[in-house]
Amino acid sequence: MFSSRSEGLALALPGALFAALVFLLPVGLLLAEGFRSESGWTIGAYVDFFESARNRTIFWRTLRLGALVTLAAAIIGYAAAFAIVSLGESARGRLVGLVILPLMISPVARTYAWIVILGRTGIVNRALEAIGLTDEPVRFLFTETAVFIGLLQLFLPLMILSLVSALENLPRDAIPAARVLGASWWQVFARVVLPLTREGLVIGGTLVFTGALTAFITPAILGGSKVLMLETLLYQRVTVANDFASASVIAMILIVMSFSANLLLRRLAAARRGARTGTIKARTLAAGTTR
Amino acid sequence: MSRAVPATALALAAPLLLGTGAAAAEGRLVISVYGFAQDEFKALVYDPFEALCECELVVETGNSVERLAKLEARKDDPEIDMAVMSTHDALAASRAGITQPIDVARLSNHAKLYDIAKDPLGDHLGIGYTFYATSIAYRSDKVEIESWGDLFKPELAGRVAFPNVTTNQGPPALHMLGKAMGDDGAELAAPIAAVAERRDDIVTFYERSSQVAQLMQQEEILAAPIGRFAWSAYTKMDLPMAWATPSEGQTGGMNVMILTEGAKNEDLAYEFMDYWLSTEIQTALAEALIDSPANAEVSVDEATAANLTYGQETVESLDLLSPSVILDNREGWLERWNAEVAQ
Chain B
1 MFSSRSEGLA
11 LALPGALFAA
21 LVFLLPVGLL
31 LAEGFRSESG
41 WTIGAYVDFF
51 ESARNRTIFW
61 RTLRLGALVT
71 LAAAIIGYAA
81 AFAIVSLGES
91 ARGRLVGLVI
101 LPLMISPVAR
111 TYAWIVILGR
121 TGIVNRALEA
131 IGLTDEPVRF
141 LFTETAVFIG
151 LLQLFLPLMI
161 LSLVSALENL
171 PRDAIPAARV
181 LGASWWQVFA
191 RVVLPLTREG
201 LVIGGTLVFT
211 GALTAFITPA
221 ILGGSKVLML
231 ETLLYQRVTV
241 ANDFASASVI
251 AMILIVMSFS
261 ANLLLRRLAA
271 ARRGARTGTI
281 KARTLAAGTT
291 R
Chain R
1 MSRAVPATAL
11 ALAAPLLLGT
21 GAAAAEGRLV
31 ISVYGFAQDE
41 FKALVYDPFE
51 ALCECELVVE
61 TGNSVERLAK
71 LEARKDDPEI
81 DMAVMSTHDA
91 LAASRAGITQ
101 PIDVARLSNH
111 AKLYDIAKDP
121 LGDHLGIGYT
131 FYATSIAYRS
141 DKVEIESWGD
151 LFKPELAGRV
161 AFPNVTTNQG
171 PPALHMLGKA
181 MGDDGAELAA
191 PIAAVAERRD
201 DIVTFYERSS
211 QVAQLMQQEE
221 ILAAPIGRFA
231 WSAYTKMDLP
241 MAWATPSEGQ
251 TGGMNVMILT
261 EGAKNEDLAY
271 EFMDYWLSTE
281 IQTALAEALI
291 DSPANAEVSV
301 DEATAANLTY
311 GQETVESLDL
321 LSPSVILDNR
331 EGWLERWNAE
341 VAQ
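Order-wise, the sequence lines are chains B and R. In case it helps, this note's numbering puts the first sequence at residues 1 to 291. In case it helps, this note's numbering puts the second sequence at residues 1 to 343.
If you are wondering where the hints come from, they were derived from the structure by calculation, not from laboratory data. One thing to keep in mind: the hints can contain errors.
[Unchecked claim] Label-pair ranges, simulated between beta-carbon atoms:
#, chain 1, residue 1, chain 2, residue 2, range
1, B, L263, R, A43, 52 to 62 Å
2, R, I116, B, I131, 55 to 65 Å
3, R, E79, B, R92, 35 to 45 Å
4, B, I43, R, S324, 30 to 40 Å
5, R, D183, B, L30, 34 to 44 Å
Yeah, the Cβ is synthetic: ideal placement off N, Cα and C, and Gly gets one too.
Bound-form chain R, shown alone:
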């Protein structure tokens, strides 16, 4: 018995011990990305890149919180070389010392990007590779939307959904609502109070875009602020749907690429980032309706463009919350929201 125990324990533990022993191999790039559309990314980006670089590409996925926590846990010995995340998560990562500035001279496609994507964080801590507009999707036969304030029209009472403050759409939508109310303070006090006051008129504070599409489809709601990336589902509905261009403008969000501090495969990471930003790959991702292009040289047909956040004019009209405003205020927003709106 006494000898059997450690032997069994060893046998059980062996795979665990061996698993951690593998060091970063040569020609092996590890990236951390969002979990969505991975089949398409594999076909359009990962596989062609692997063929090109003759290296191995390891892809880790997960939601932003998990991925950020993992990067932070491995800060001193990073296994991930390159990651993509929202601008504010990237700023959080840089403040935590996880990232390093990107030498844009090593990215031949950097000059082709729209200006807002070139250096959204400052010091080239992140390079924008896609962005999306956030505006109001609505039933054009039932209601007219010309301002963010129209979400609270009497005819929309009990027929409108609003993004939860914890989603990426929440704070930008509140910001635009504040703008419409003439109070766009970074604390979002006025718009949160306005939402709280009309809490019963709002069907739900949604957490997933797919949920809104279903509510719209079964005519539970007539309007909701959504991200443009979800729009194509609405155009396929057998209902008169419209995308609002409110007088205060549209808002949205941007995703950036970051390079980890101490990345073990920096050269490959640069090669991969440049590849992803190239006109060819950005076009392929746009045509597959996966990511709106940050590369200004991408040209797509009208039907494709209608499903994306596309073109100089649209890009210039975006009123994005700055990543530092989001990062410095989101705890406060959540607290205010929980106290006033959520019960």
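Chain B on its own, in the form it takes in the complex:
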């Protein structure tokens, strides 16, 4: 007779085998490719990759755009999430629905829409000309600005949703308490809201950063070959040059970047928790407003 332990294992087996066969094995093989050469195991492919000035430019651009998109999403996300949680139940539901709406539209369609919006005759340029900021249309398409806008629009909903659920769990009277105690709005945000919603920020930040790093369609369409990112470079190496060694190196870099971002965000959140919880507890207790 099976023990409950072996029964559990047997139940997990099909799923585990499936994952091993279609995910772990191919990914492992691809990543191993980056360490293989005719003479044995080596990190030569990594050295080669980073020796190219062009690859370094693309690496930094990917990191920079990922960080900027995450930062912008956090700033806009907090504002939007505050607005949403301050509303009544039904209005809140409608607004969250609106935030989710773009996620239901194909990213390809959304990105193509940006080509029209950001074009020479698009609404952005027409608006800029109408208010007299420019005489000549500004070229947005195929620039880092276009990729930034596209990625921000694509991933902002994930940040807003994470922050809405974090803010919903914020004790209702924490903010009034801090205000009564004389904290400025900035202090309220930095010392009360941020520490108490850090989980939402970590989740949202990881989703946005990882998404921005690994997005393909947006940088491919809005940036093109003039604004290559690691993901578009990976595609180019495979489809144009059949160069799986470089592809493996890029895949590994992307994985490492994603994990590092998550770790870093967790660290930041943990450090803040350590530094802040003590004071907040003391203050809220003193004000007699604990739940």
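Since the structure of chain B is already known, use the hints to place chain R on it.
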């Protein structure tokens, strides 16, 4: 438990094991083609051929890199009998020992082909079945294009797209640009340097023809070198579009049929190639605006011809890069391009 594991593993692996066991059946032709217009190819070529040969036609599609890699991987036991690819990919395949010379005596329609299609690789390693011109599509109300060098006219600064060096249009366009500059060395050093110098004036280095059509449609760009196969989209735009006939001539590319070394269904492959090259099929593909005819006996009306690379005069004016020049230099071009143009 210990017995359950191998049993489950076997059950999961069984379909995989069985899948590889099927041997090439009799009367079964396997071809490898580009992924585009497959519905039309099925209706105009594949289905009628299957009815004619009473055999099964298996079609594999994909981009050239994937298909070439697959052919090479199965070199010793080829599953594909016949493939179509660009002249330079075909030359690469022949250098890799994947292909064998085609016995043109077995192709009744071979004599009907334009001269440039009869033996573009030498030794009949490939037979041209279609080609296309590459020139500059431009807005005739905004700019005049009489030379490849006109792409860098001041009025086109910030309003022109250029094919990326990794596309099939890239190297031929650079070659013509070099010709216009009076330096048509195979290294393409002068034209790549010229493009690098004007990098900021070029809106994008495009990778797909469809992208250029959209940029032209929304007046983002006023001119771009494109392949004739994409031209019909421009004629449908509500804009004054023109196809340039530059003083240096037009360039372009050609696709060829190849026969794999050790093909298991050689007779069927010959039958199929001859069928595809026939006046009837080449006419049907031309009228559907899918492939320009390599068969000189094909005759189409003026409206159709306007959308194709068609006619003796046009064909003779094409200045095509030789496949060996492409194959021997493309690594160098890419390196030079990446160092100077792409950042």
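### Task
Starting from the hint list further up, note which numbers the structure goes against and sort them upward.
3
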